[in-house]
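> Work the whole structure out from these sequences, hints included.
In case you want the letters, here they are:
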Amino acid sequence: MAELTVTSEPSPFGVPSRKLGIWMFIVADAATFAAMLFAYGYVRVANPDWTRPFTVWPTIVNGIVMTVVLLTSSLTIIAALLAAQAGRRTTALRWLGATMLLGTLFAALHLREWVAMIGDGWRLFRNPLGGAPLVGATFFSITGLHLLHVITGVIVIGVIALGYRRGRFDPGHLEVTGLYWHFVDLVWMFVFPLVYLLNVR
Amino acid sequence: MKRYVIVWLGLLAIVALEVVLTLAHLRSGVLLAGLLGLAIIEAGLGLMYFMHLRYERRSFTWSLILAVVITVVLMDHFWLDAFRLLHQRLSAP
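Heads up: the sequence lines are chains V and P, in that order. Just so we're aligned: the first sequence equals residues 1 to 201 in this note's numbering. Just so we're aligned: the second sequence equals residues 202 to 294 in this note's numbering.
Since the hints were made in silico from the structure, they are not lab data. Where a beta carbon is used, it is the ideal one built from N, C-alpha and C, also for glycine. Accuracy of the hints is not assured; some may be wrong.
[What the hints assert, rightly or not] Counterexamples of contact, computed for chain V against chain P with all Cβ distances above 12 Å:
#: 1; residue: Pro12
#: 2; residue: Ser74
#: 3; residue: Leu101
#: 4; residue: His110
#: 5; residue: Val159
#: 6; residue: Val187
[What the hints assert, rightly or not] Only part of the chain V face toward chain P is listed, based on derived beta-carbon distances under 7 Å:
#: 7; residue: Gly21
#: 8; residue: Phe25
#: 9; residue: Ala34
#: 10; residue: Met36
#: 11; residue: Leu37
#: 12; residue: Phe38
#: 13; residue: Val45
#: 14; residue: Leu197
#: 15; residue: Val200
This is how it looks when you write it as structure tokens:
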């Protein structure tokens with residue numbers, strides 16, 4: 001009986017399968033966010049009575065703090081990856097913890113803002129300022145989907161950190177998780193100017 | 202790490218510039234163009250350095266970038282209909 005021989009071919013893109021997989025997910029997710037931002041642009045252009053609900057204080061100042069927090073978390077996850085690649089497990093875990101803390105802070109600031117807006121009478125299809133009712137729908141859906149990504153990211157980083165501490169995961173897993181986290185940061189780079197800054201009164 | 206800190210500082214500077222542009226009370230179209238341009242530069246820095254696309258094979262980098270660019274270009278077909286609705290509502294009695 002002939003023996004089956006398995007030959008290993010190099011990856012056509014020079015990346016491991018899990019890295020290719022997360023990039024495919026990122027491309028698909030980027031299309032999802034692009035579609036939501038285009039839908040927001042569409043209803044904004046089509047509604048001459050569009051309302052600009054935000055003031056510099058507190059909304060934009062809060063948004064700037066959230067942006068700085070998220071950008072800093074991208075730096076801390078890179079520090080975690082570099083430490084892991086250098087074999088400094090404890091340092092890597094500390095940086096992963098810092099990233100989770102910053103992600104949680106971002107989510108808390110975001111939820112505080114939502115609660116304040118809901119308190120002011122904003123709903124998915126109700127505009128307390130009297131203009132186009134879709135302002136709330138676009139704001140809550142775009143920022144809500146992003147917030148869902150942040151919360152998911154914090155949980156995933158926690159799971160990966162636990163596995164890495166126990167030796168089940170290697171620096172490659174941290175890199176893939178980092179790519180997802182940077183993508184969440186990258187989406188915010190479009191959400192903050194387009195959804196917040198373009199809606200300042 | 203130093204390189205990443207420099208990119209991080211650059212990204213913070215771009216955010217500051219975006220806020221300054223917003224407070225300058227420019228015309229909506231000019232502000233939109235400025236903010237979009239800065240966001241694309243930010244995204245480029247994030248992709249190339251934080252996400253390490255700069256260090257991947259060119260075939261890989263371009264296949265990813267082209268996939269997103271083509272998708273976004275296809276979505277631009279909706280603008281014509283958005284402006285049609287705008288004109289229709291503005292001319293309504």
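> Each of the hints needs a verdict: does it hold here or not?
For each hint, the structure was consulted:
no. : hint   : in the structure
1   : Pro12  : violated (8 Å)
2   : Ser74  : violated (5 Å)
3   : Leu101 : holds (17 Å)
4   : His110 : holds (16 Å)
5   : Val159 : holds (21 Å)
6   : Val187 : violated (9 Å)
7   : Gly21  : violated (13 Å)
8   : Phe25  : violated (11 Å)
9   : Ala34  : holds (5 Å)
10  : Met36  : violated (11 Å)
11  : Leu37  : violated (9 Å)
12  : Phe38  : holds (5 Å)
13  : Val45  : holds (4 Å)
14  : Leu197 : holds (4 Å)
15  : Val200 : holds (6 Å)
Comparing the model with each numbered hint stated earlier shows that hints 1, 2, 6, 7, 8, 10, 11 do not hold.
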